[in-house]
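Undergrad: Each chain is listed here by its residues.
There are 2 protein chains.
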Amino acid sequence: MTKLVNQNLKMFLDELASSSPAPGGGSVAALSGALGAALSSMVCNLTRGKQGYETAQAEIAEKLDKSEELRIGLTELIDKDTEAFNEVMNAIKMPKETEDQKEQRRKALQLAFKHAAEVPLETARKCIQVLEIARIVAEKGNKNSISDAAVSALMAQTGVQAAVLNVRINLSSIKDTKYVQQVSTELQELLQNAMEKSAEILGIVEKNL
Amino acid sequence: MTKLVNQNLKMFLDELASSSPAPGGGSVAALSGALGAALSSMVCNLTRGKQGYETAQAEIAEKLDKSEELRIGLTELIDKDTEAFNEVMNAIKMPKETEDQKEQRRKALQLAFKHAAEVPLETARKCIQVLEIARIVAEKGNKNSISDAAVSALMAQTGVQAAVLNVRINLSSIKDTKYVQQVSTELQELLQNAMEKSAEILGIVEKNL
Numbered sequence: 000m001t002k003l004v005n006q007n008l009k010m011f012l013d014e015l016a017s018s019s020p021a022p023g024g025g026s027v028a029a030l031s032g033a034l035g036a037a038l039s040s041m042v043c044n045l046t047r048g049k050q051g052y053e054t055a056q057a058e059i060a061e062k063l064d065k066s067e068e069l070r071i072g073l074t075e076l077i078d079k080d081t082e083a084f085n086e087v088m089n090a091i092k093m094p095k096e097t098e099d100q101k102e103q104r105r106k107a108l109q110l111a112f113k114h115a116a117e118v119p120l121e122t123a124r125k126c127i128q129v130l131e132i133a134r135i136v137a138e139k140g141n142k143n144s145i146s147d148a149a150v151s152a153l154m155a156q157t158g159v160q161a162a163v164l165n166v167r168i169n170l171s172s173i174k175d176t177k178y179v180q181q182v183s184t185e186l187q188e189l190l191q192n193a194m195e196k197s198a199e200i201l202g203i204v205e206k207n208l
Numbered sequence: 000m001t002k003l004v005n006q007n008l009k010m011f012l013d014e015l016a017s018s019s020p021a022p023g024g025g026s027v028a029a030l031s032g033a034l035g036a037a038l039s040s041m042v043c044n045l046t047r048g049k050q051g052y053e054t055a056q057a058e059i060a061e062k063l064d065k066s067e068e069l070r071i072g073l074t075e076l077i078d079k080d081t082e083a084f085n086e087v088m089n090a091i092k093m094p095k096e097t098e099d100q101k102e103q104r105r106k107a108l109q110l111a112f113k114h115a116a117e118v119p120l121e122t123a124r125k126c127i128q129v130l131e132i133a134r135i136v137a138e139k140g141n142k143n144s145i146s147d148a149a150v151s152a153l154m155a156q157t158g159v160q161a162a163v164l165n166v167r168i169n170l171s172s173i174k175d176t177k178y179v180q181q182v183s184t185e186l187q188e189l190l191q192n193a194m195e196k197s198a199e200i201l202g203i204v205e206k207n208l
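Read top to bottom, the protein sequences are chains A and B.
Residue numbers for the first sequence follow numbering that gives the first Met the number 0, so the first one is 0 and each next one is one higher.
Residue numbers for the second sequence follow numbering that gives the first Met the number 0, so the first one is 0 and each next one is one higher.
Hint data in this document are derived by calculation from the structure and do not stem from the laboratory.
Any given hint could turn out to be false.
Unchecked claim - Distance condition first, Cα-Cα at most 20 Å in a straight line; then the derived PhoX-like pairs of lysine-lysine:
{"#": "1", "chain 1": "B", "residue 1": "K106", "chain 2": "B", "residue 2": "K95"}
{"#": "2", "chain 1": "A", "residue 1": "K177", "chain 2": "A", "residue 2": "K113"}
{"#": "3", "chain 1": "A", "residue 1": "K101", "chain 2": "A", "residue 2": "K2"}
{"#": "4", "chain 1": "A", "residue 1": "K9", "chain 2": "B", "residue 2": "K113"}
{"#": "5", "chain 1": "A", "residue 1": "K9", "chain 2": "B", "residue 2": "K65"}
{"#": "6", "chain 1": "A", "residue 1": "K174", "chain 2": "A", "residue 2": "K113"}
{"#": "7", "chain 1": "A", "residue 1": "K65", "chain 2": "B", "residue 2": "K9"}
{"#": "8", "chain 1": "B", "residue 1": "K174", "chain 2": "B", "residue 2": "K113"}
{"#": "9", "chain 1": "A", "residue 1": "K177", "chain 2": "A", "residue 2": "K106"}
{"#": "10", "chain 1": "A", "residue 1": "K113", "chain 2": "A", "residue 2": "K92"}
{"#": "11", "chain 1": "B", "residue 1": "K113", "chain 2": "B", "residue 2": "K177"}
{"#": "12", "chain 1": "A", "residue 1": "K142", "chain 2": "A", "residue 2": "K49"}
{"#": "13", "chain 1": "A", "residue 1": "K92", "chain 2": "A", "residue 2": "K106"}
{"#": "14", "chain 1": "B", "residue 1": "K9", "chain 2": "A", "residue 2": "K2"}
{"#": "15", "chain 1": "A", "residue 1": "K9", "chain 2": "B", "residue 2": "K106"}
Sequences are here, hints too, so could you generate the full structure?
TA: Next up, the structure:
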């Protein structure tokens, strides 16, 4: 299959809408984060070298580097999420006739579910970092692009929410209770962090719109 | 320029992140809605003909048709938003030396701003319809895909929020106060509607996750 990120928007949307369960919400979460990072990068690019933004130049240049790094990482996670889902599907299809096969399959499934949880967990963590950049961009970036800073924050926030749901779905199949407990705690923190950061950014934008 | 929807995800994200102000948040709003529609379509497709969902078949088939129609409409709005932005840019560049030219430019600008407001307004309206479908899908669709129904709702909700910001930015340049008043009222209704519908859907999903 063509890598998702090499498909055009129309094809990707067709593939998403099709009766195949992958790509699904996990890849969309990563794409949402990548779109958020791209919009923060755009506002940084529209601020660089602009009159009236002299004192912000160093910080904006630094945020642009970070935002582009996150954009690349989140873009990779679009395919990684679908790959991790397919690993689970492959483990499900493993033979389960002998006791030995059952044990092998069980182990492979648990590994696959953990991986399928960790990919959207990474998406959520990266989206939080996009929100940190979007806040600086909304505060100090080109005022003509303030609505783009807001949309950047909205996409990153949604990326966290969507990714968290996809982690939870996979956690429900994982038997390692200590792992489940630990990740669940992180998910709550990520969600709360995302909602607070996003509300703060939208407040900054509201004052300047 | 290649139509945005014919660009691959990587190229589209590069273009978005670049120092060109278009595409920007308005096109991302439409894409967010299209992703939401695609995920609702996917859950419908994964529900059709499935055992245990016999009584939902007729309604799911109907929602799938509607969801696909919305997906096509929202996909078109990705390019339409960038085109509308470029119309504003072209009007700004019109000559303004004589009184006659100034008047022509003023008229062209007002028309262009109204068009640039109406495109994201249409995006927001369509995203509300995606939310209506996502609710049915979360309630009656394949339970194995319930997190996808939730992500569908999140993307559509974000589509409304992002589109509303883009309408507001353009309204701030429109002199026709009656028009501005009327659209502003609709925006408030769309936003409230989106937040209520989305919260309701996430509540349904939470009970079934």
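Undergrad: None of the hints should be skipped; say for each whether it holds.
TA: Now the hints, each set against the structure:
Taking the CA atoms of K106 (chain B) and K95 (chain B), the gap is about 12 Å. The hint holds against a cut of 20 Å. Distance restraint check for K177 (chain A) and K113 (chain A): the Cα-Cα separation of roughly 13 Å lies within the 20 Å cut-off, and the hinted pair is therefore satisfied. Between K101 (chain A) and K2 (chain A) the alpha-carbon distance is near 32 Å, which puts this suggested pair outside the 20 Å criterion. Proximity of K9 (chain A) to K113 (chain B) is assessed by CA-CA distance (about 27 Å); at most 20 Å being required, the pair is judged violated.
Note on K9 (chain A) and K65 (chain B): the hinted pairing holds, with a Cα-Cα distance of about 18 Å set against a maximum of 20 Å. Our distance criterion of 20 Å between C-alpha atoms is met by K174 (chain A) and K113 (chain A), whose separation comes to about 10 Å. The suggested pairing of K65 (chain A) with K9 (chain B) holds, with an alpha-carbon distance near 18 Å, which does not exceed 20 Å. The hinted pair formed by K174 (chain B) and K113 (chain B) meets the criterion: a straight-line CA distance of about 10 Å does not exceed 20 Å.
A threshold of 20 Å between alpha carbons decides the hint, and for K177 (chain A) with K106 (chain A) the separation of about 17 Å falls inside it, so the pair holds. The hinted pair formed by K113 (chain A) and K92 (chain A) meets the criterion: a straight-line CA distance of about 17 Å does not exceed 20 Å. With a CA separation close to 13 Å, the supplied pair K113 (chain B) and K177 (chain B) stays within the 20 Å bound. With a C-alpha separation of about 11 Å, the suggested pair K142 (chain A) and K49 (chain A) falls inside the 20 Å cut-off, and the hint holds.
The straight-line distance between the Cα atoms of K92 (chain A) and K106 (chain A) is roughly 13 Å, inside the 20 Å bound, and the hint therefore holds. Of the supplied pair hints, the one linking K9 (chain B) and K2 (chain A) holds, its CA atoms being roughly 11 Å apart against a limit of 20 Å. A distance of roughly 35 Å separates the Cα atoms of K9 (chain A) and K106 (chain B); the hinted pair therefore is violated under the 20 Å criterion.
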